[in-house]
Amino acid sequence: MSTTTEMRYVNAVTQALRDCMEQDLTVVVMGEDVANAGGSFKATRGLLDTFGPGRVIDTPISESAIASAAVGMALTGMKPVVEIMFMDFITLSMDALVNQAAKARYMFGGQGSVPMVLRTPHGGGLSAGPQHSQCLEAWLAHIPGLKVVCPSCPQDAYSLLRAAIADPDPVMFIEHKAMYANKGEVDTAKTARIGEARIARAGRDVTLVTYGATVNVCLKAADQLGKEGMEAEVVDLRSIQPWDKAAVLESLSRTHRAVVVHEAVQAFGVGAEIVATIADEGFDELDAPVLRVAAPFMPAPFASSLEKGYAVTVDRVMDAVRKTLA
Amino acid sequence: MKSSKKGTAQPERLTALYRTMSLIRQVETALTRLFANGEVPGFIHLSIGQEAVAAGVASALLPQDSLATTHRGHGHVLARGMDVGGFMKEIMGREGGLCKGRGGSMHVADLSLGILGANGIVGAGIPIALGSAMAHQARKTGGVAVAFFGDGAMAEGVLHETLNMASLWRCPLLLVCENNGWSEFSPTSSQFAAKLEQLAAAFGASYTRVDGNSVLAVADAAVQGAAQLREGNGPYVLECITTRVRGHFEGDAQKYRDANELESVHAHDPLTTARAELLAMGVDTAAIDQAICAQVEAAVEAARADALPTLERAIQDVYTQAMQETRA
Numbered sequence: 003m004s005t006t007t008e009m010r011y012v013n014a015v016t017q018a019l020r021d022c023m024e025q026d027l028t029v030v031v032m033g034e035d036v037a038n039a040g041g042s043f044k045a046t047r048g049l050l051d052t053f054g055p056g057r058v059i060d061t062p063i064s065e066s067a068i069a070s071a072a073v074g075m076a077l078t079g080m081k082p083v084v085e086i087m088f089m090d091f092i093t094l095s096m097d098a099l100v101n102q103a104a105k106a107r108y109m110f111g112g113q114g115s116v117p118m119v120l121r122t123p124h125g126g127g128l129s130a131g132p133q134h135s136q137c138l139e140a141w142l143a144h145i146p147g148l149k150v151v152c153p154s155c156p157q158d159a160y161s162l163l164r165a166a167i168a169d170p171d172p173v174m175f176i177e178h179k180a181m182y183a184n185k186g187e188v189d190t191a192k193t194a195r196i197g198e199a200r201i202a203r204a205g206r207d208v209t210l211v212t213y214g215a216t217v218n219v220c221l222k223a224a225d226q227l228g229k230e231g232m233e234a235e236v237v238d239l240r241s242i243q244p245w246d247k248a249a250v251l252e253s254l255s256r257t258h259r260a261v262v263v264h265e266a267v268q269a270f271g272v273g274a275e276i277v278a279t280i281a282d283e284g285f286d287e288l289d290a291p292v293l294r295v296a297a298p299f300m301p302a303p304f305a306s307s308l309e310k311g312y313a314v315t316v317d318r319v320m321d322a323v324r325k326t327l328a
Numbered sequence: 046m047k048s049s050k051k052g053t054a055q056p057e058r059l060t061a062l063y064r065t066m067s068l069i070r071q072v073e074t075a076l077t078r079l080f081a082n083g084e085v086p087g088f089i090h091l092s093i094g095q096e097a098v099a100a101g102v103a104s105a106l107l108p109q110d111s112l113a114t115t116h117r118g119h120g121h122v123l124a125r126g127m128d129v130g131g132f133m134k135e136i137m138g139r140e141g142g143l144c145k146g147r148g149g150s151m152h153v154a155d156l157s158l159g160i161l162g163a164n165g166i167v168g169a170g171i172p173i174a175l176g177s178a179m180a181h182q183a184r185k186t187g188g189v190a191v192a193f194f195g196d197g198a199m200a201e202g203v204l205h206e207t208l209n210m211a212s213l214w215r216c217p218l219l220l221v222c223e224n225n226g227w228s229e230f231s232p233t234s235s236q237f238a239a240k241l242e243q244l245a246a247a248f249g250a251s252y253t254r255v256d257g258n259s260v261l262a263v264a265d266a267a268v269q270g271a272a273q274l275r276e277g278n279g280p281y282v283l284e285c286i287t288t289r290v291r292g293h294f295e296g297d298a299q300k301y302r303d304a305n306e307l308e309s310v311h312a313h314d315p316l317t318t319a320r321a322e323l324l325a326m327g328v329d330t331a332a333i334d335q336a337i338c339a340q341v342e343a344a345v346e347a348a349r350a351d352a353l354p355t356l357e358r359a360i361q362d363v364y365t366q367a368m369q370e371t372r373a
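Protein chains in written order, with the numbering used here: chain R, 3 to 328; chain X, 46 to 373.
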């Protein structure tokens with residue numbers, strides 16, 4: 003029997019949760035409206051019917067205590083998967099993530115670990131405004147003890163979520179609310195390793211390093227550039243902490259040019275770490291300065307016209323590539 | 046005061062509770078000297094005067110139970126049975142410490158005893174204990190989770206969030222408030238507008254207030270609370286009125302406290318009270334104290350002799366599988 007089917011990104015998330023819950027009785031799903039309502043973006047739809055209210059838990063609107071309770075559950079033999087409805091709301095969960103989940107293993111001298119997953123959607127494109135559109139992954143990647151993954155397609159949403167739930171350490175699983183409806187082939191037998199990048203498109207002239215929704219932007223830009231005779235390689239990081247430095251440097255050693263692309267604000271972002279590492283360890287490979295394409299230093303806007311100007315677009319990526327190849 | 050647990054001879058029970066209190070007192074008294082000598086890195090928060098709460102609550106716990114405590118948590122972990130040698134090495138920042146010197150006083154933990162850690166963030170242990178109680182419920186361990194917190198934590202939002210969730214789901218969560226009247230350097234009367242009793246009532250949680258300097262009163266209330274929790278009628282709030290003898294942190298001159306109040310703290314000493322009660326029962330505590338004194342001294346000497354941790358090894362504990370590369 004084939005294990006491959008076409009599914010939407012959101013259904014790949016649900017399928018991964020379902021498969022993990024079937025295999026491991028200690029996996030529980032909890033969050034605001036995840037049970038009866040099936041989740042704000044329907045990522046947990048149907049799980050309540052199958053697994054019951056003991057394992058699919060509707061919580062009050064208490065992001066701080068939900069995330070902290072997950073730490074306590076994880077330290078007491080469970081594997082909680084918490085949903086925080088919008089990534090912006092993790093601001094209310096930060097003590098649990100930064101001071102508790104991330105540090106417990108270290109502070110306790112490696113006595114145990116905190117096998118929890120926090121799922122949350124980031125990103126704009128829905129005119130959701132400044133408090134429902136942010137990409138805050140760099141905050142989390144800055145904290146020793148946390149792992150941060152960000153899948154760009156249904157296959158990775160499935161395989162990486164399974165890897166995240168199986169992981170003994172706290173994993174921040176960052177989805178993209180504008181990608182939930184995207185369709186793709188998902189092979190449920192396919193596994194993924196956290197920390198391993200994927201070459202989403204091969205090319206010899208420039209390396210585009212990206213993750214999440216901007217992978218698709220970069221792929222479109224690469225196709226257009228191909229028509230102009232410029233072959234861009236697209237590296238989908240998939241995981242931000244740890245990130246696949248070797249894959250990026252290896253691609254750079256073939257292309258000698260790089261552009262780092264992400265939806266989050268450019269200043270002090272994930273791209274800054276990647277560019278700094280390239281400057282440190284890939285300097286001799288470079289034939290041109292490394293450029294970044296990311297959001298301007300301002301809150302994510304609401305009005306459609308503003309959001310269009312704010313977003314990372316195919317044109318902006320193409321401009322950066324042309325500049326680096328000039 | 047309510048009657049004590051059936052079937053246990055009163056002198057034996059009180060002797061056991063006294064032994065725990067004496068251990069806590071002597072460990073922390075030793076720490077005051079070690080701290081003054083510069084042998085304890087960082088800062089420590091002592092629970093001298095509050096030992097009855099730790100001993101009484103711990104006496105009600107079973108092996109499957111768990112607890113999360115605070116920055117002032119030495120008593121709770123020792124009462125739960127933490128190894129004194131491993132504890133002392135940890136507080137003194139040694140590789141042989143229970144947490145290999147990675148956490149120290151504010152993060153000491155022993156997961157094998159269900160001790161989910163002291164905590165450097167006020168109130169943070171409360172929702173962690175909630176999660177632990179949820180896990181006991183889900184796994185049907187029959188266990189109870191205890192959240193120790195100080196009165197200063199009543200102003201933290203997570204207490205309110207936790208009371209709500211624990212009451213909604215009737216979690217086996219014992220919320221033990223050590224009310225010593227001080228929120229760090231400020232009187233709690235100036236910090237919190239309500240009473241814990243009102244807060245518990247608002248969420249429909251059971252509530253009991255006891256003299257937190259009477260170890261039998263605490264033990265009786267904790268036994269009753271734990272029994273109620275094991276029957277599925279959680280949560281249970283136990284407020285223990287107690288006395289902070291030392292400063293917020295060791296070395297705090299406590300200039301903000303009234304001289305008369307400071308002088309009166311010793312009048313409430315739970316060890317003095319228990320010692321008098323035991324003497325009336327014909328039990329002499331001197332031998333107990335002496336044996337514990339030797340145990341504590343040995344633990345201090347062993348800690349002094351133990352190796353200091355190295356960064357190369359410490360960095361391996363950040364993740365379960367250490368990252369391939371760590372750059373300075």
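Some hints could be false.
[What the hints assert, rightly or not] Among chain R residues calculated to face chain X with C-beta under 7 Å, some are:
no., residue
1, I63
2, A67
3, G74
4, A143
5, F285
6, L288
7, A290
Think of the hints as simulated: they come from the structure by calculation, not from any bench.
Just so it is clear, CB atoms sit at the ideal spot from N, CA and C, and this is done for glycine as well.
For each hint, the structure was consulted:
1. I63: violated (9 Å)
2. A67: OK, holds: R:A67 within 7 Å of chain X, min 4 Å.
3. G74: This interface hint holds because 3 Å falls under the 7 Å limit.
4. A143: violated (13 Å)
5. F285: violated (16 Å)
6. L288: violated (20 Å)
7. A290: violated (25 Å)
Of the numbered hints listed earlier, those contradicted by the structure are 1, 4, 5, 6 and 7.
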